[in-house]
Amino acid sequence: MAKKNVLGRCPLCLEEKRLVRSHIIPKFNWKPLKKSSPHYVILSNKPENPERKSTNEHTEHLLCENCDNSVIQRYEDYLARALYGGIKLNFEDTQRTTRVSNLDYNLTKKALLSIIWRMSASKQSLFKEVDLGPLHTERIRKLLFNDEDVSEEEYPINLTVPFFEGHHQGDWTLPPDYVRTKGNRVYRCLISGLIFTFHVGSAALDDIFKTVNIKKDGSWLIVKAEVVDLPFLKHWCFEIAKNVAKKKT
1 MAKKNVLGRC
11 PLCLEEKRLV
21 RSHIIPKFNW
31 KPLKKSSPHY
41 VILSNKPENP
51 ERKSTNEHTE
61 HLLCENCDNS
71 VIQRYEDYLA
81 RALYGGIKLN
91 FEDTQRTTRV
101 SNLDYNLTKK
111 ALLSIIWRMS
121 ASKQSLFKEV
131 DLGPLHTERI
141 RKLLFNDEDV
151 SEEEYPINLT
161 VPFFEGHHQG
171 DWTLPPDYVR
181 TKGNRVYRCL
191 ISGLIFTFHV
201 GSAALDDIFK
211 TVNIKKDGSW
221 LIVKAEVVDL
231 PFLKHWCFEI
241 AKNVAKKKT
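So that you can map any letter, position 161 of the sequence shown is 161 in my numbering, and since no number is skipped, the others follow by simple counting.
Be careful, since some hints might not be right.
As the list claims (entries may be wrong) - For lysine-lysine, the following DSSO-like pairs were computed, each having C-alpha atoms within a straight-line distance of at most 27 Å:
1) Lys88 x Lys215
2) Lys224 x Lys27
3) Lys27 x Lys142
4) Lys215 x Lys142
5) Lys128 x Lys27
6) Lys88 x Lys210
7) Lys216 x Lys182
8) Lys234 x Lys128
9) Lys224 x Lys182
10) Lys88 x Lys224
11) Lys182 x Lys210
12) Lys17 x Lys128
13) Lys88 x Lys216
14) Lys142 x Lys128
15) Lys27 x Lys17
16) Lys128 x Lys182
17) Lys142 x Lys210
Stated by the list, open to error - Listed next, with one range per pair, are the computed distances between beta-carbon atoms:
18) His168 x Asp207: 24 to 34 Å
19) Ser151 x Gly86: 26 to 36 Å
20) Asn90 x His168: 16 to 26 Å
21) Ser125 x Leu7: 16 to 26 Å
22) Asn5 x Thr211: 41 to 51 Å
23) Asn5 x Phe91: 43 to 53 Å
24) Thr59 x Glu148: 18 to 28 Å
25) Val228 x Ser70: 35 to 45 Å
26) Thr211 x Arg81: 19 to 29 Å
Hint data in this document are derived by calculation from the structure and do not stem from the laboratory.
What you are looking at is a predicted structure, and each value in this text was computed from that prediction instead of being measured.
No residue lacks a Cβ here, since even glycine has one placed at the ideal position from N, Cα and C.
Required output: the full structure, derived from the provided sequences and hints.
Now the structure itself:
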């Protein structure tokens, strides 16, 4: 089947080109969801929107071929190997945290920033809560396209690994949402069982968040927590359970 010829302005290089089907969430993140089945289940916390099976990996004609397959792919390739094997990382575990070291700060942080940036640029309803605004959209675009330096304090990112009764659910993915904290927008994205938290704004962070940001020395203190201790997920699980109960009555 011939590729659909879609022309438009690529939001990364800002040139008028043929746009390819770009993954908003990287393709490798969908693998855990399809490990045992070609389908995955989209959960809903709203009774009017029943859960449904899907094979959609949420692509759209967003970027030009060069930006998708060269600029973004470089960051994504590294992140895939960091998350799923292929890079020698060091781990120091405690009951509540894991300290990872030997990460490439530049590639890891930009790979993650590219995800939140694409979510904001996307027209899909799944990502409707993500709106970086023109200032941050342009700043992150330049960071990605020009491979510019980004400090630890600029767009800090935290990572939490949630557990449900002691078990990690690697196939959980939910629509991103946001809260406001001291003038910043804080986006929370559960992707393949990992909660990435993006701080967008100029307000200073609390010390506790500074501690768990990815660091320029390649270290990252990752928090481990039960779902019941995470209001974001606890609320979702409660609403989903209510929705399932209503469908059975």
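Hints versus structure:
no.	hint	verdict
1	Lys88 x Lys215	holds (17 Å)
2	Lys224 x Lys27	holds (25 Å)
3	Lys27 x Lys142	holds (23 Å)
4	Lys215 x Lys142	holds (21 Å)
5	Lys128 x Lys27	holds (20 Å)
6	Lys88 x Lys210	holds (25 Å)
7	Lys216 x Lys182	holds (25 Å)
8	Lys234 x Lys128	holds (21 Å)
9	Lys224 x Lys182	holds (24 Å)
10	Lys88 x Lys224	holds (21 Å)
11	Lys182 x Lys210	holds (14 Å)
12	Lys17 x Lys128	holds (25 Å)
13	Lys88 x Lys216	holds (17 Å)
14	Lys142 x Lys128	holds (23 Å)
15	Lys27 x Lys17	holds (23 Å)
16	Lys128 x Lys182	holds (22 Å)
17	Lys142 x Lys210	holds (24 Å)
18	His168 x Asp207: 24 to 34 Å	holds (27 Å)
19	Ser151 x Gly86: 26 to 36 Å	holds (27 Å)
20	Asn90 x His168: 16 to 26 Å	holds (20 Å)
21	Ser125 x Leu7: 16 to 26 Å	holds (24 Å)
22	Asn5 x Thr211: 41 to 51 Å	holds (49 Å)
23	Asn5 x Phe91: 43 to 53 Å	holds (47 Å)
24	Thr59 x Glu148: 18 to 28 Å	holds (27 Å)
25	Val228 x Ser70: 35 to 45 Å	holds (43 Å)
26	Thr211 x Arg81: 19 to 29 Å	holds (26 Å)
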